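> What follows is the residue order along each chain.
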Amino acid sequence: MQRALVQLAAFQIQRLTGRRIPVDYGPVEAARLALGESARATAALAAPVRAAHHFSHLDAARSSLDRAVDAALARGGPDDEAMFALLEQAEHHLKIVSRNLPGFEPVDFSQACCANHGLLRYSGASASP
Amino acid sequence: MADYSIWVLDYAAVNTFPQSVMLYGPQYHGIRNLPYAYALLKGNGEVILIDTGYDHKEYGKYLADLYGVTNYHGPDEVLAECGVTPADVTRVLITHAHFDHMGGLDLFPNATFYIQKRELDKWAWALTLGPEFRFLVGAADPADIMKAARLAREDRMVVIDGDAEDILPGIDLHLAADTHTWGSMYVTIRNDGARNSQDAWVFAGDNIYTYDNLTGLDKNDPHLVPIGLAVGSQTNLLLCSADMLKQTGGETKRVIPIHEDRLKDTFPSRRTKADLHVVELALAGGETSKVR
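Listed in order, the protein sequences are those of chains A and B. Residue numbers for the first sequence follow our numbering, beginning at 1 and rising by one. Residue numbers for the second sequence follow our numbering, beginning at 1001 and rising by one.
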């Protein structure tokens, strides 16, 4: 999905900087192929309840990117406004996905016996057996 | 009298950078300090940066940690050493799309950015090749291309297709195709404004990492030595080095490798409280020294 996002952003830059007339749809095609791969991969996932939040953002990112491809291929020429808004949505969801590991909740180890052992070691106190 | 004041400003460093990456060939010659830096130019009513540095968060921070970057300081703090704020910057010339050169695209709210078309196109192409080719895109942050798209929407991204003379008065951009990166760009500042300048400076991007790329390690047998990290060819790197030297009339020290640790010893400089360096290459009329 990240690859697709980059392809579509590159396509936008080409369009907005006026360098490609006629439009080069190569990056859009590359994004479409990458999204096909990711669709197959995510369809094969059975997300457990604890991963549902993570998965929902993954799915939302893919949906935004799919619609961005549609906007790029719109009849009458690419819809730049719609496309950019969808790319921003996709980026937002992918950032959340990259921050949150599926199903893992942070655990505070600061009071654990091993953490105290570590504190002793790093404060210079002897931790030798 | 110089048209532009020119400083090189450190903003971070990799203290243990393998010499084998800086110079193709010497595989067992240890490590060097590799400053991360950008150049600041003031003159002709413009405040110009050559490269942006990176933003020490998200994937930029991940890459920095991966490469062992230390002592990062943001442009607020670094530019203040020369009495400039990020909002004062009017133009940014991007030498290539690696994170430490382009990762700060969103840190200069009033600037217009210049980059080579080939750099963006080939980068996007490389990302179609799949993860087995990740060497080709390893030092690039995919988020930067979305930042670039935002700038393009705001009409603040200028895409250059090849060489461009006088993009600003006395400043020329040169495409160095298939060298360190596919669309690397080096910048010539003709600081007397003359076409055949007697006061030219070249900012090499990463087409050289050190002056040793222009001289070799043996003083008695000077020759060009390519860097050890490129997606293009060694031949192209050597030809680019020869071209850059031609711009300065063969004067090696005026071809600036932004990662060269010895810049601070080659030109007037000072160490800041943050243990970074301000290196002063030129002063335009009316400008006061920032190193004395």
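Be aware that a few hints might be false.
Distance condition first, Cα-Cα at most 27 Å in a straight line; then the derived DSSO-like pairs of lysine-lysine [unchecked claim]:
| no. | chain 1 | residue 1 | chain 2 | residue 2 |
| --- | --- | --- | --- | --- |
| 1 | A | K95 | B | K1057 |
| 2 | B | K1253 | B | K1290 |
| 3 | B | K1061 | A | K95 |
| 4 | B | K1253 | B | K1219 |
| 5 | B | K1264 | B | K1290 |
Rather than coming from a laboratory, the hints here were simulated on the basis of the structure. Treat the numbers as computed from the prediction; the structure is a model and nothing was measured.
> Name the hints, by number, that the structure is in violation of.
none
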